[in-house]
Amino acid sequence: MSQPNITLYTTQTPNGIKISIALEELGLPYKVEKIDISKNTQKEDWFLEINPNGRIPALTDTFSDGQTIRLFESGSILQYLVERYDPDHKISYPAGTREYYETNNWLFFQNAGVGPMQGQANHFGRYAPERIEYGVNRYVNETRRLYRVLDDHLAKSKSGYLVGDRATIADISHWGWVAAAGWAGVDIEEFPNLKAWEERMAARPALEKGRHVPSPHTIKELLKDKAAVEKSAAQAREWVQAGMKADAKNKI
Amino acid sequence: MPLKPIKIYDHGPSPNPWKVVILLEELGLPYTREHVDFAVIKKEPFISVNPNGRVPAIEDPNTGLTLWESGAIVEYLVETYDKENKISFERGSADYFLAKQWLHFQVSGQGPYFGQAVWFTHQHPEKIESATKRYIKEIRRVSGVLDKFLQDKQYLVGEKFSYADLSFIPWYLIMDWFKIDLAKEFPKLNAWLERQHTRPTIATVIERRSKEPFE
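As you go down the protein sequences, you meet chains A and Z in turn.
For the first sequence, UniProt numbering assigns the number 1 to the initial residue and increments by one for each residue that follows.
For the second sequence, UniProt numbering assigns the number 1 to the initial residue and increments by one for each residue that follows.
Read the hints as simulated data drawn from the structure, not as lab findings.
All figures in this text were calculated on a predicted structure; none of them were measured in a lab.
Any given hint could be a false lead.
With a straight-line cut-off of 25 Å between C-alpha atoms, the simulated BS3-like cross-links for lysine-lysine are [what the hints assert, rightly or not]:
| id | chain 1 | residue 1 | chain 2 | residue 2 |
| --- | --- | --- | --- | --- |
| 1 | A | Lys43 | Z | Lys153 |
| 2 | A | Lys245 | Z | Lys179 |
| 3 | Z | Lys184 | A | Lys245 |
| 4 | A | Lys90 | A | Lys31 |
Label pairs and their calculated CB-CB ranges [to be verified]:
| id | chain 1 | residue 1 | chain 2 | residue 2 | range |
| --- | --- | --- | --- | --- | --- |
| 5 | A | Glu199 | Z | Pro61 | 38 to 48 Å |
| 6 | Z | Leu173 | A | Asp88 | 40 to 50 Å |
| 7 | Z | Lys184 | A | Ala196 | 39 to 49 Å |
| 8 | Z | Lys127 | A | Lys209 | 41 to 51 Å |
Using N, Cα and C, we set each Cβ at its ideal position, and we do this for glycine too.
All chains should be built: construct the whole structure from the sequences, respecting the hints.
Put into C-alpha cells, the structure is as follows:
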C-alpha cells in the first residue's frame, strides 16, 4: 500500500461528508480544502481542472505511478478509497465476492436514486423561487418510496447494515442524506428500521469525526428548531438561486 | 463450458436497460430479455428480483447473482466478463478509477435529470413551466460539461472506447423530444456519440431499440 497524499475538496453537504467519514473510518491522513459554494468557488477554473462538472466533493491523491490523480463523483471516490486503502476490508468486501457487488448495488442506489431525488425535494421544498406544490409532493413522495425500500431491506438485515456483517461505503454514502431527511420534508419516524440504522451509524466514532468536515454538521440539531430551519432555508435559497443564475451564464 | 444466458429485465425503449444491452452485445455475452410491465413493476414477483421496482435488473445463472442498479450491473459485467479489458481498464490502474468516475457521473448526473425532463415534457398532464425549464437546462449543463471535456479527446478515458462512453448513449437517443440539436449546440459531444453509433454492435442495438413500441 503506497503512502496517501490526499486532499479533499469539500463543503458541509451530505455528499461531501461521505468522503470525510470514509477517510476517518480508514484512519487515513488528508488535507481539507473548503469550497465556498455561496461564492461559487466550485465553478472557478482551478477547480474545474479537478472536476469539470463543478461540484463537490472532489479529491486528489498521489497515485501508485507517482502522478496526481484527480477524482470527482462521491460514489467513485468511495470506491477508490476502499480499493486502494482498505486491504483489511473494514468498510468494504473483497473484489469479486457477492457482498462486493451488492455493496456497489446499494452505493449506486444512493447515487442515482436517493441523492438526486432527495435533492429535488430540497429544491422544490426549500430553494425554488416559487412554491410548486406538485414538485414538492412528487419528490418528497419519491424520496419516501426510496426510504421504504431501504427500511424494508434493513428490516431483514441481521447485522443492521445494508450488506453483510459490517458498515460499508454503501451505508456511509446514505448516512448524510438520511440524517437530513427532515430538511427534505420527509419524516424519519415513518421508517423505524432506517431511523435505528441512522443512529447506529451515528454512534460510530469515525462517523462522528468525519461528519464535521469541513465545518460542523448541525442539520440534526437545526431540524429541531423550526425558526432556525426557516432562517437557514432563506439563506440557502439566496445562494442556490444565485448559483443557478451563474450556471445559466457559464453553462457549466 | 459455455455460458448460460444472463436474464435482463427491461421495458421497451426505456433508456437504462439499453445501456446494459449494449454492453452485453459488446462483450458478446448470451442473454435473454424479459419485459416487465409498469403495472406490475412494483409488485411481486418482480420486487423479489428488484426491491426498488425498476429496470434494468439482471439475474446471472453463471454466478447466481442478482443486481438491479444499471451502474452496478455495468461494473459487474465488465469485472466478471471483460478480463481482457476490451472495453474496460486494468484493475487498479488510474484509468480503471477514472472510468468508474464517468460511469458515476452518468448514473447520478445524466440519468436522473434527463429522466425528470422526460416526465415534465412528455408524461405529466399539467404544464409546469419552471420545472420543465429546470431539467432542460440541466440537460444542457451536463452536455456542456461533456462537450468541453471532449474538446481534445476521442473518448472519455484512456483514449479508447469503453463502458464509460457507451453508458451515456441511451439517454442521448431522445434529444429530439427536447428539441435540442446536439450537432449544433454541442459538436464535440455529438461527434463522440456518432463515433460510437458507427460501431456495428451499437448500430444494431440502436436499430432494434427504435422498433420497440412505447406504451
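Restraint check for Z/Lys184 with A/Lys245, where alpha carbons must lie at most 25 Å apart: Holds - the C-alpha atoms of A/Lys245 and Z/Lys184 are around 23 Å apart, at most 25 Å.
Hint consistency between A/Lys90 and A/Lys31 [alpha-carbon to alpha-carbon, up to 25 Å]: holds, 22 Å
I want to verify a distance hint. Is the separation of the beta carbons of Z/Leu173 and A/Asp88 within 40 to 50 Å? Cβ of Z/Leu173 to Cβ of A/Asp88: about 44 Å, so the range 40 to 50 Å holds.
Check the hint pairing A/Lys245 with Z/Lys179 against an upper bound of 25 Å on the C-alpha distance. holds, 22 Å
The hint says 41 to 51 Å between Z/Lys127 and A/Lys209; measuring C-beta to C-beta, is that right? holds, 48 Å
With the threshold set at 25 Å, check whether the alpha-carbon distance from A/Lys43 to Z/Lys153 stays at or below it. Roughly 22 Å between the alpha carbons, so the hint for A/Lys43 and Z/Lys153 holds.
Look at the Cβ atoms of A/Glu199 and Z/Pro61 and judge whether their distance stays inside 38 to 48 Å. holds, 39 Å
Cβ separation of Z/Lys184 and A/Ala196, checked against the hinted range 39 to 49 Å: violated, 53 Å
The structure fails hint 7 only (numbered hints given earlier).
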